[in-house]
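Trainee: Read top to bottom, the protein sequences are chains A and B. Quick note: the first sequence uses the working numbering, first residue 7, plus one each step. Quick note: the second sequence uses the working numbering, first residue 417, plus one each step.
Bear in mind the hints are in silico, worked out from the structure with no lab data behind them. These numbers come from a predicted model, not from an experiment. It cannot be assumed that every hint is accurate.
[Stated by the list, open to error] Which chain A residues face chain B? A few, computed with CB under 8 Å, are given here: (1) Q47; (2) L142; (3) A149.
All C-beta atoms in this analysis are idealised placements derived from N, C-alpha and C, irrespective of residue type, glycine included.
Here's the letter readout for the chains.
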Amino acid sequence: MVKDPDDIIVRTVARFMIPIIQLFSLYVYVHGHISPGGGFQGGCILAASFILISLAFNIGEAKKILSGRKNLLFIGLGVFIYAFTGLVPLFVQGNFLDYQHLSQFLPLDPVMARYYGVALVELGVQITVMAVMISLFQDLVTAGRHESILKDRENGIDR
Amino acid sequence: MISAANILLLILAIITAIAAISVKDLLGAVALLGAFSFFMCLLWAEMGAVDVAFTEAAVGAGVSMAFFVATLYHIARRSRD
Chain A
7 MVKDPDDIIV RTVARFMIPI IQLFSLYVYV HGHISPGGGF QGGCILAASF ILISLAFNIG
67 EAKKILSGRK NLLFIGLGVF IYAFTGLVPL FVQGNFLDYQ HLSQFLPLDP VMARYYGVAL
127 VELGVQITVM AVMISLFQDL VTAGRHESIL KDRENGIDR
Chain B
417 MISAANILLL ILAIITAIAA ISVKDLLGAV ALLGAFSFFM CLLWAEMGAV DVAFTEAAVG
477 AGVSMAFFVA TLYHIARRSR D
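So that you can see chain A by itself, here it is in the shape it has in the complex:
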């Protein structure tokens, strides 16, 4: 994980599987309305694909795609989407997370507004769960020192 595992079979299978896993996580999120699934499970599967990148290549490769700062931004963005979708109905005499009142801001009837409101909230949940799971994994595998380990790799010190 921190060192480079140089295994062509693992790398090829990971390269092949990672897009399928990410597509499946999007399917789980979108299909969560009418079948088991939703934001939390989809976020976990999406995080698992990034963990697979860290396992098959190394932490640096995963950080090239999603750096720590961007990851932190995603944690906040997901919470923001959830809270914003929940708070908007409060301004038009609705309750918190009362999605049908979103129809006053969007060109939708109340039933479809509720449908898309749930989808928005689940998107926020998915983004936050993905980012938190990735940051948990990176902190656990490097004892919270992944920034300094990456700096050492750039300077040619391999741990």
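With chain A held as given, fit chain B onto it using these hints.
Mentor: What follows is chain B alone, placed relative to chain A:
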């Protein structure tokens, strides 16, 4: 109504749970905990709680196993108690 498949899965889950807390090798304990998670997932799916089973498969058997193995890199492989 408890079916025979339920009993079989429950027995397998109990066996893996007892094995996971009694084995000395921590990597083996993590693998057994993953097996326990998987049997619980199958049990829930068999009883009709597909959403719970799906969450267990994604979190319990998938991501948390990666977390445990990642933590094992920083501690001793064998338990001392």
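Trainee: If a hint holds in the structure, say so; if it does not, say that too.
Mentor: Hint check results:
no.: 1; hint: Q47; in the structure: 5 Å, holds
no.: 2; hint: L142; in the structure: 7 Å, holds
no.: 3; hint: A149; in the structure: 6 Å, holds
Of the numbered hints stated above, none is contradicted by the structure.
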